[in-house]
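Protein chains: 2
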Amino acid sequence: MRIARNIPELRVLLKTLRKQGGRIGFVPTMGYLHEGHASLIQHCRARCDSVVASIFVNPTQFGPDEDLNHYPHDLDRDQALCLNQGVTILFIPEATELYTTGFSTFIDPGPMGQVLCGSYRPGHFRGVATVVAKLFSIVQPDLAFFGQKDLQQAAILRRMVWDLNLPIELVVAPTIREHDGLAMSSRNAYLSIGERMRALCISRALAAATNAFQKGVRSATELVDTAKSLLGDLDELQYCELVDALTMDTIEGQVKRLAGLCVAGKIGRARLIDNVLLSEAADPTRLLSLVAIPD
Amino acid sequence: MRIARNIPELRVLLKTLRKQGGRIGFVPTMGYLHEGHASLIQHCRARCDSVVASIFVNPTQFGPDEDLNHYPHDLDRDQALCLNQGVTILFIPEATELYTTGFSTFIDPGPMGQVLCGSYRPGHFRGVATVVAKLFSIVQPDLAFFGQKDLQQAAILRRMVWDLNLPIELVVAPTIREHDGLAMSSRNAYLSIGERMRALCISRALAAATNAFQKGVRSATELVDTAKSLLGDLDELQYCELVDALTMDTIEGQVKRLAGLCVAGKIGRARLIDNVLLSEAADPTRLLSLVAIPD
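These protein sequence lines map, in sequence, to chains G and U.
Following the numbering used here, the numbering of the first sequence begins with 1 at its first residue and continues without gaps.
Following the numbering used here, the numbering of the second sequence begins with 1 at its first residue and continues without gaps.
Keep in mind the hints are simulated off the structure, nothing from the lab.
The reader is advised that the hints may include incorrect statements.
With a cut-off of at most 25 Å between alpha-carbon atoms, the simulated PhoX-like pairs for lysine-lysine come out as follows [what the hints assert, rightly or not]: (1) Lys15(G) to Lys19(U); (2) Lys215(G) to Lys256(G); (3) Lys15(G) to Lys15(U); (4) Lys266(G) to Lys228(G); (5) Lys215(U) to Lys256(U); (6) Lys228(G) to Lys256(G); (7) Lys228(U) to Lys215(U); (8) Lys266(U) to Lys228(U); (9) Lys215(G) to Lys228(G); (10) Lys19(G) to Lys15(U); (11) Lys19(U) to Lys19(G); (12) Lys256(U) to Lys228(U).
Turn these sequences into a full structure, and let the hints guide you.
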């Protein structure tokens, strides 16, 4: 594994890689890697000849009162994980290189970035879309991999790739969970043992709604209420909504197409999100991916 | 010259071109081509092995009360000009292909897009930046060529290329003028003979300011007033401002770095813009270009 700490170093490594002619996959992360990231790297290895991973805690996607300066980090452990998972190039840029003086161009994801997490984190998805577009330009991967856990992010990036004609195949991989169901997240590190127990209500609520869906319930209200009734252990429920998983439009009435039941809430100082796809498709996560533009 | 009327057709032609390995230059236009566009194509030919030109009247850069539906067009003449100028591929997409249902991702150029023309044309530069980013993704040129006449556009696109790490060299070429000084513009077609005469006040005003600058005047107020005093033939003066040509920040006090004196106004139904660079550099237009990222 080679490590690039700035764009010129990365460019040299990528040039060599490109000469070999294989498919380059990209896994952008904010570090403090867990099995969810490891799974993305594995998906990437399965589809690509080489894996570029990045670790960058992107300042433009954090609000002024958010946890930018406290975001968990352990670069040694992250590097070991990347090495063990077979990452080819690990890119660890500095914020000053990605955001130079006078930086002013942002990608605006439009209405999709305003709902759900976007209404609690103004500007968050603008920052996400911008940094991902930048990293895509820098790495120029053939495929890029994102986790279903950040469903709204996946939907927004999918739309961005489509709208901006980016020559990239976007792959969304299933959420990886702890043995008891808690969705893997770097922010789980914020939880005390008691909070960690209470956090389980989210995955249980989503599992209950999934169970109801599998038993034939198609009423959006009923599915949402099933989940909501189990979310009492949260210190703050921010939202529990059933949305079209590709557009983030609220589903009213009956679930028909690919639906995402999305939850966000706070436990202690941790803001946690999770979701499940409600669909009759065999592998619904796969439907979130955007297949390559044919050559 | 080959013509591509949609993205898949273009992709096939580009693939062949890329196999040849040379540098690909790109000249995006809105059609109704004139000697200014011809000059851009010539600059492109001088620097590149092949020239991709596009003709696309981009709806997202027009306001609801603007001239989208009346924008002049003459595709036969445009094709002949491109052929004569040695264009390799002419790309003429449809709006429905570039803006599919649910399109929602825009490039926001920030404060630079709000001033000058931006304050008279809300959303204009967002539309420009977005369509240029899209065309860059589709064509993937090594170099792209823009005219100095649209100075604010050039500055915004330069910043966009830099901010989004686009792997493109942006070249700005000098404004081409009619023999009497009027800056070439597709919108000059809107002018009656009388209006055409009155329109000359713009280039005369800019020439007077240039003359004052060359005689040593460095006061922003004096330079602006020199130009303004000659703009009485406009039906409406929208702005006459001295700005930093790279940032569009208003210059107050003394002109030091690369300054642009920018004018916009209306004559009849034509909205005309023009500018001159005030600089001690030998070839100031050249300073607007963004050189290639070294490999």
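Task: Hints not upheld, ascending by number - done: When the structure is compared with the hints, none of them turns out to be violated.
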